[in-house]
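Mind docking chain H on chain A? Use the hints.
2 protein chains.
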Amino acid sequence: MVVCMPDNITDLEVKALVDGVNLSDGHPRMSLSSTQSEIVAGFPEVFAQTRKLPVDVVEKSARNAFLSSIGQHTALSDGVTFRSCYSSSTAIDMIGKAIRLADRKVAMVEPTFDNLHDLLAGHGLSIHSVAESELAGGTLEDVIPAHGVLFTVSPNNPTGAVIDADRLHQIAAACADRDTVLVIDSCFRAQDLRAQYDMYAVLGQYDLDWATIEDTGKLWPLQELKAGFLNWNVGNPLPLARMYSDHMLSASPFILRIVELFAEDGRHGGYDRLRGGIQSNRTLARDHINLAPAYPESRISVDTFRLPEGVEASALYTELGEIGVHVLPGELFYWAQPKLGTDLIRISLARDPEAVVTGCQRVDQHLEAWRRVVIR
Amino acid sequence: MVVCMPDNITDLEVKALVDGVNLSDGHPRMSLSSTQSEIVAGFPEVFAQTRKLPVDVVEKSARNAFLSSIGQHTALSDGVTFRSCYSSSTAIDMIGKAIRLADRKVAMVEPTFDNLHDLLAGHGLSIHSVAESELAGGTLEDVIPAHGVLFTVSPNNPTGAVIDADRLHQIAAACADRDTVLVIDSCFRAQDLRAQYDMYAVLGQYDLDWATIEDTGKLWPLQELKAGFLNWNVGNPLPLARMYSDHMLSASPFILRIVELFAEDGRHGGYDRLRGGIQSNRTLARDHINLAPAYPESRISVDTFRLPEGVEASALYTELGEIGVHVLPGELFYWAQPKLGTDLIRISLARDPEAVVTGCQRVDQHLEAWRRVVIR
Chain A
1 MVVCMPDNIT DLEVKALVDG VNLSDGHPRM SLSSTQSEIV AGFPEVFAQT
51 RKLPVDVVEK SARNAFLSSI GQHTALSDGV TFRSCYSSST AIDMIGKAIR
101 LADRKVAMVE PTFDNLHDLL AGHGLSIHSV AESELAGGTL EDVIPAHGVL
151 FTVSPNNPTG AVIDADRLHQ IAAACADRDT VLVIDSCFRA QDLRAQYDMY
201 AVLGQYDLDW ATIEDTGKLW PLQELKAGFL NWNVGNPLPL ARMYSDHMLS
251 ASPFILRIVE LFAEDGRHGG YDRLRGGIQS NRTLARDHIN LAPAYPESRI
301 SVDTFRLPEG VEASALYTEL GEIGVHVLPG ELFYWAQPKL GTDLIRISLA
351 RDPEAVVTGC QRVDQHLEAW RRVVIR
Chain H
1 MVVCMPDNIT DLEVKALVDG VNLSDGHPRM SLSSTQSEIV AGFPEVFAQT
51 RKLPVDVVEK SARNAFLSSI GQHTALSDGV TFRSCYSSST AIDMIGKAIR
101 LADRKVAMVE PTFDNLHDLL AGHGLSIHSV AESELAGGTL EDVIPAHGVL
151 FTVSPNNPTG AVIDADRLHQ IAAACADRDT VLVIDSCFRA QDLRAQYDMY
201 AVLGQYDLDW ATIEDTGKLW PLQELKAGFL NWNVGNPLPL ARMYSDHMLS
251 ASPFILRIVE LFAEDGRHGG YDRLRGGIQS NRTLARDHIN LAPAYPESRI
301 SVDTFRLPEG VEASALYTEL GEIGVHVLPG ELFYWAQPKL GTDLIRISLA
351 RDPEAVVTGC QRVDQHLEAW RRVVIR
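Protein chains in written order, with the UniProt record's numbering: chain A, 1 to 376; chain H, 1 to 376.
The hints are simulated quantities; they were obtained by calculation from the structure and are not laboratory data. All clues given are correct.
List of simulated lysine to any residue pairs, SDA-like, C-alpha gap at most 25 Å:
no., chain 1, residue 1, chain 2, residue 2
1, A, Lys52, H, Gly42
2, H, Lys60, H, Asp78
3, A, Lys52, H, Pro221
4, A, Lys52, H, His27
5, H, Lys60, H, Gly217
6, H, Lys52, A, Ala355
7, H, Lys60, H, Tyr197
8, A, Lys105, A, Arg242
9, A, Lys60, H, Gly217
Far from chain H by the CB rule (all over 12 Å, computed), these chain A residues:
no., residue
10, Asp142
11, Leu193
12, Arg273
13, Glu297
14, Gln337
15, Asp364
Here are the simulated distance ranges between beta carbons:
no., chain 1, residue 1, chain 2, residue 2, range
16, A, Gly235, H, Ser126, 27 to 33 Å
17, H, Ala241, A, Ser133, 32 to 38 Å
18, H, Leu193, A, Lys52, 32 to 38 Å
19, H, Pro237, A, Ser314, 26 to 32 Å
20, H, Asp207, A, Asp142, 50 to 56 Å
21, H, Lys52, A, Gly276, 23 to 29 Å
22, H, Thr81, A, Lys60, 38 to 44 Å
23, H, Gly124, A, Leu340, 32 to 38 Å
24, H, Ala241, A, Arg372, 38 to 44 Å
25, H, Lys105, A, Val234, 35 to 41 Å
Built from N, CA and C at the ideal position, the CB exists for glycine as well.
Next up, chain A with everything else stripped away, as it sits in the complex:
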């Protein structure tokens, strides 16, 4: 068949190059692996197959494949309710809408991606900041709002910090004690093996209300063909089922099957390749930017660097944008206290290595020029 195309495809590709290097958003934009390309080549067959199957069967099969491929076996048990969403943001927005109806206060980790805060704040929620370090260790007494909601992210973005099983036990127990709903956004889980202990087995040991978000949107360069899975315990006081049914019937069965096939590919080497690619891009980035990494132990598909004194992230962000390099300034991640992020810039590693190197070189050249001016 002839697929109609705009006349100006070459112009546009040139424009994309002129526009520069996008290392800002965390959406995966690297090339497909050969086995992933084979799945894409089979799209028409997948479409024909999923047409014939009941949606709930396709949905459950995809979720089971994805969650078990990242170690979350207990998520498949009867005590867990789930829904497939267009995206993790759709799931988080439903949680925010439900929290407003339940009239609960929220404590949210800081730093984290400002979008998470903004999605909830748009519902008019009262949101209190909890430092990631407070969640990572020490007493939880003053951290968890009684009869409220604790919203955490693990692995966290941009820090890559993972709540380990021991700490999750403590947090879950503290939330259960205080009638606090524990929400965990685990969208980056597949990128970090340390996050792949069976989290749902821990949560299930407490008389706890909880909700989690699992996501494929950060993993595979599928042009936003993705699904977010919203999971919660039976009996959860947030009206999540209702928020969901008001909004959608299910994610696309076609997309769900693609998710399943990519998860199976992940299990058979795809996740290792994904993590290897991220690690190798991280090394390239750190080799090409003469700055200290802010989070040396991070394994997720972004990396963050600490700027020299006198350079403000938001100003640098603007200057870099003018020369065609798109990064994110650290202020965005400190959603309550932006000044704490003013010496940080974040770059995305979910790119082909060439893009990472080119972008980092331009950042470094720009900073070198700045250093020469300052030193002179």
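Same frame as chain A, but now just chain H:
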């Protein structure tokens, strides 16, 4: 390539048959036409192409193709802002979230799909009912809330009623006079040529704040590969751009290009086939159910029948479900006064003719049995 499949595909297909005939939801479940099948066969090529293009270019191209294919040429002008959404519900939910922030009262048409009401009500909005007949004719003085929002649907679901150009002029003028934001959900527009006058040209003639939803989700059997387009006037007081950017970057470029290709196919005969199929299914339904159609002039892909006295829609809905026919009871559409819908059932026509006939025959047999009991 080998696409892995569950073992029990035949079992599942049997189960789907045993489960009965789904004439309830309005999601399109008919077969693809041959030219539509060709587009699906080209999915891998489409994926390869859209990968290379800037997302905003793909997005704009898809929207231009879709909106101009259904007569909305002025929607492409500079005074109109737009965003591509996962679905029309996603767009409507953003509108609801924005209305809450803007603290405006809402007047919403009744009857209409209860989902629209529920999506907004979940934000805690104050929603007042406006009878469709009041919007269709007569004075608008008491109908439009000053400094509020008027939420209408045209073509409306389930009635199929279309606000014509003359009436839209009156409604737009009245909203402009009262500083009321006019929201129009036009998700069924492509199914009814009477709704394809250039609505944006009318809206643009008034000093009016407005937002519209255009949607592909009701049109093509693409397993929820779809996009909703949220459009609004520059200067609109609802913070729609912010609600959007909190939630998403864009719809999938892959899906957007599929939308464009289906719109082009629509322009070259696909829409005529779509409307012809709906019309022919409507005739089949009316031939096979011995009930009066509630909305004789409707052109959209659902049809509604008036039940004999003594039959309650919600009870019939339950009984039909037990014998494997899934319809929707009219109470759902009268979101403020459910009793007004108690003598109505709605069936979907976006199915293959066999499903419509089978479902309608079962409904009719069930009602015949009821009549015999009553008459005896």
